[in-house]
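Assemble the whole structure, with the sequences as input and the hints as a guide.
Residue numbers (the numbering used here), protein chains in the order written: chain A, 1 to 383; chain B, 1 to 401.
Among the hints, a few may not be true.
Unchecked claim - Below, in silico cross-link-like pairs of lysine to any residue (SDA-like), each with a Cα-Cα straight-line distance of 25 Å or less: (1) B:K275 <-> B:Y360; (2) B:K45 <-> A:L366; (3) B:K359 <-> A:M29.
Don't read these hints as lab results, they were simulated from the structure.
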Amino acid sequence: MRALRRHGRSIALIAIIVPLLVVFAYVAMRSGPLAPVKVTVVRVQEGTVSPALFGIGTVEARHTYRVGPTLAGRVRRVEVQVGDRVSAGQVLGEMDAVDLSDRIRAQDAALKRARAGVREAEARQAFAQAQSRRYDKLSALQAASEEVAITRRQEREIAEAGLVAAREELARVQSERAALVAQLDNLKLVAPVDGVVTLREAEPGTTVVAGQAVVELIDPSSLWINLRLDQVGAGELARDLEAAIVLRSRSEAPLPGRVLRVEPRADAVTEELLAKVVFDRRPEPMPPLGELAEVTVALPPAPAAVVVPNAALRREAGEVGVWQVKEERLHFVPLKLGAADLDGRVQVRAGLTAGEEIVLYSERALSSGSRIDVVSTLPGAHR
Amino acid sequence: MISLAGRDILHGWGKFVFTGMGLGLLIGVTLVMAGVYRGMVDDGKALLDNSGADLWVVQRDTLGPYAESSSVHDDVYRGLLGVRGVARAANITYLTMQVRKGTQDVRAMVVGIAAGQPGQVPGWPPYLVAGRQITRAHYEAVADIAAGFRIGDRLGIRRNHYTVVGLTRRMVSSSGDPMVFIPLKDAQEAQFLKDNDAIWQGRRRTEANPALNRPGVPGLLDAVLASQSTNPYVNAVLVTLAPGYAPDEVAESIRRWQRLTVYTRAQMEGILVGKLIATSARQIGMFLVILAVVSAAIVAFIIYTLTMDKIREIAVLKLIGTRNRTIAAMILQQAVALGLIGFVVGKITATFSAPFFPKYVLLVPADTIAGFAAVMIICVLASLVSIRLALRVDPAEAIGG
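Below is the structure:
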């Protein structure tokens with residue numbers, strides 16, 4: 001009986017100690033630095049990648065018209081508000097004429113005076129001509145002296161010259177008045193094209209300098225995106241490539257567009273290429289100028305080749321490549337890489353053939369001596 | 001020959017095993033504490049390993065970019081590429097901040113990485129556990145798994161939102177915060193561009209300054225405002241060396257001709273381990289010593305108490321003429337067995353509890369072996385005291401008292 005009880009105790013003790021040792025052995029082997037590195041593998045496949053470029057830009061207008069006076073002056077009235085649609089030739093506002101109207105009135109008076117002058121000169125000329133003719137006849141009949149006739153002829157010529165001078169004076173005064181009227185017209189601020197008012201920079205009473213804009217217009221059909229793309233990998237950017245434009249305010253649906261041109265000048269400071277992207281259809285309502293837009297430019301698809309995910313790419317001893325799994329052992333294979341797309345697929349030009357297994361994800365950095373444990377997903381990756 | 005120790009253990013096995021387990025939990029805590037210390041050091045080293053750099057080029061006379069703030073112009077790297085021995089140089093920014101996801105936020109170190117292909121540019125996460133690497137030049141993120149994000153999550157970093165496209169592991173700052181990798185241009189904006197209110201206030205201040213807002217010079221104000229919102233700075237430039245060049249030589253050349261401060265891997269490790277985490281590491285180290293001493297004392301007490309419980313039986317043994325050696329062996333074997341159970345339980349609890357700690361706990365085999373040796377030595381020493389006591393017991397006590 002006692003022996004049996006002691007036996008029972010031994011079994012209980014063993015029942016505790018043995019599992020403890022098993023768990024300990026498991027812990028010692030499967031955790032910590034001695035444990036194998038959990039990895040997931042993927043079989044390399046042939047495929048095509050559709051490379052694309054991603055950049056951001058701002059909505060801008062191709063043509064911006066800054067309408068303002070050609071001379072310094074004071075704004076008299078501005079007739080349009082921001083957002084108004086205007087047509088070509090419409091008067092947007094006017095500069096203050098100050099004394100210009102008075103000067104035109106003075107020119108009117110001068111004009112009348114010049115016309116009177118012409119009439120006076122004509123009268124003089126007609127009288128001088130008649131006198132000259134009369135004395136010519138009298139002189140031919142020997143009824144008047146030769147000297148008087150010559151004097152009358154001279155008086156006629158002077159009267160003719162006076163008439164010419166008076167006419168020219170009239171022309172001068174007319175032109176001067178026309179110039180003042182033209183100046184008056186120039187004070188009007190006129191829309192050069194059909195467009196939308198985007199800025200009203202000066203209110204009536206403000207003094208502006210020559211060249212300063214009072215009203216700014218844009219042509220809403222000329223909106224484009226000033227796109228900035230990182231220079232890395234943007235070598236294939238060209239005109240007429242298709243683009244998908246996502247406006248920050250309307251992020252649900254991308255708008256179709258295309259590359260209008262690639263700017264010949266890149267930005268040296270930000271290391272970006274610049275390009276202009278136009279909308280295929282004008283977006284309604286018109287997006288505000290300066291709005292941020294994300295643009296994805298689709299590049300022509302690359303020919304089919306071996307494709308690896310970019311998560312598999314590693315760097316070892318100064319070379320980019322992947323870890324190849326062969327019979328549970330790891331080999332690092334340096335690769336020559338080609339085109340890549342935005343989904344993280346990269347073409348391989350040399351180094352791998354389809355069907356080989358490579359490490360995709362790993363729990364730790366790998367080395368050629370690492371023991372690996374191939375799993376389907378790494379712990380924590382899909383919680 | 002029967003084993004006295006075994007028989008005695010069997011006699012009171014429940015008490016013995018549970019004492020061992022209690023001891024094990026104490027040893028487990030000590031092992032975890034050592035793991036916390038190792039984890040702190042490893043966090044610093046992981047930060048350096050993951051950056052993939054041989055040299056760190058930072059603002060002159062700073063200990064940047066991890067231990068101090070540093071900012072250099074973002075075109076400095078072009079000059080560095082011309083230095084002999086430099087294979088690759090890439091800009092990088094580091095900013096520890098709260099990253100928003102929905103209504104909650106997570107403390108993370110936001111790392112801005114230069115554009116390029118994975119593997120070609122230093123600073124990129126060297127391996128992933130899910131998803132893919134960043135391919136777009138804006139608004140994508142790769143996050144450390146410790147941050148608790150999933151693929152497809154939308155993160156808010158300052159004014160922009162980022163989609164998590166990949167997850168990585170053990171990418172932490174020196175203080176153990178998970179890293180979130182985003183493209184460099186976005187990171188520069190996140191670091192240097194102020195919030196909207198601050199920008200508006202800045203504009204108003206500039207407008208109120210008569211020197212910058214002159215009526216006779218249209219366009220001056222716009223130019224001044226535009227110049228205020230540029231951010232041509234990064235925190236450091238990561239440099240890798242061409243094969244065959246010594247880091248110290250290249251570093252000296254950059255220091256001399258580019259007039260910048262450069263750290264090699266060894267120097268950086270010295271800064272991180274010796275300066276950045278020095279105080280907290282010493283704090284943990286101090287705690288570890290106290291815990292070890294307390295554990296040793298408790299082990300000694302337990303063995304002493306176990307012996308004292310058996311003092312009457314030992315007296316009987318002596319009375320029937322058992323040899324001193326047998327009694328001493330019994331006590332020693334019991335102490336060692338207790339230590340073994342304690343160590344095994346301790347190691348198991350430490351291993352299984354380590355992943356639940358918010359910061360990284362690294363259990364090094366060397367620590368485990370050292371811990372085992374310490375437990376054994378403490379058990380033997382503690383049993384010596386008990387043995388001395390047991391051998392001095394008067395056999396008469398078996399009958400009397």
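Tested hints:
1. Among the hinted pairs, K275 (chain B) with Y360 (chain B) is consistent with the structure: their alpha-carbon atoms are about 19 Å apart, no more than 25 Å.
2. Restraint check for K45 (chain B) and L366 (chain A): the C-alpha separation of about 16 Å stays at or below 25 Å, so the hint holds.
3. Of the supplied pair hints, the one linking K359 (chain B) and M29 (chain A) holds, its CA atoms being roughly 23 Å apart against a limit of 25 Å.
The structure meets every hint from the earlier list without exception.
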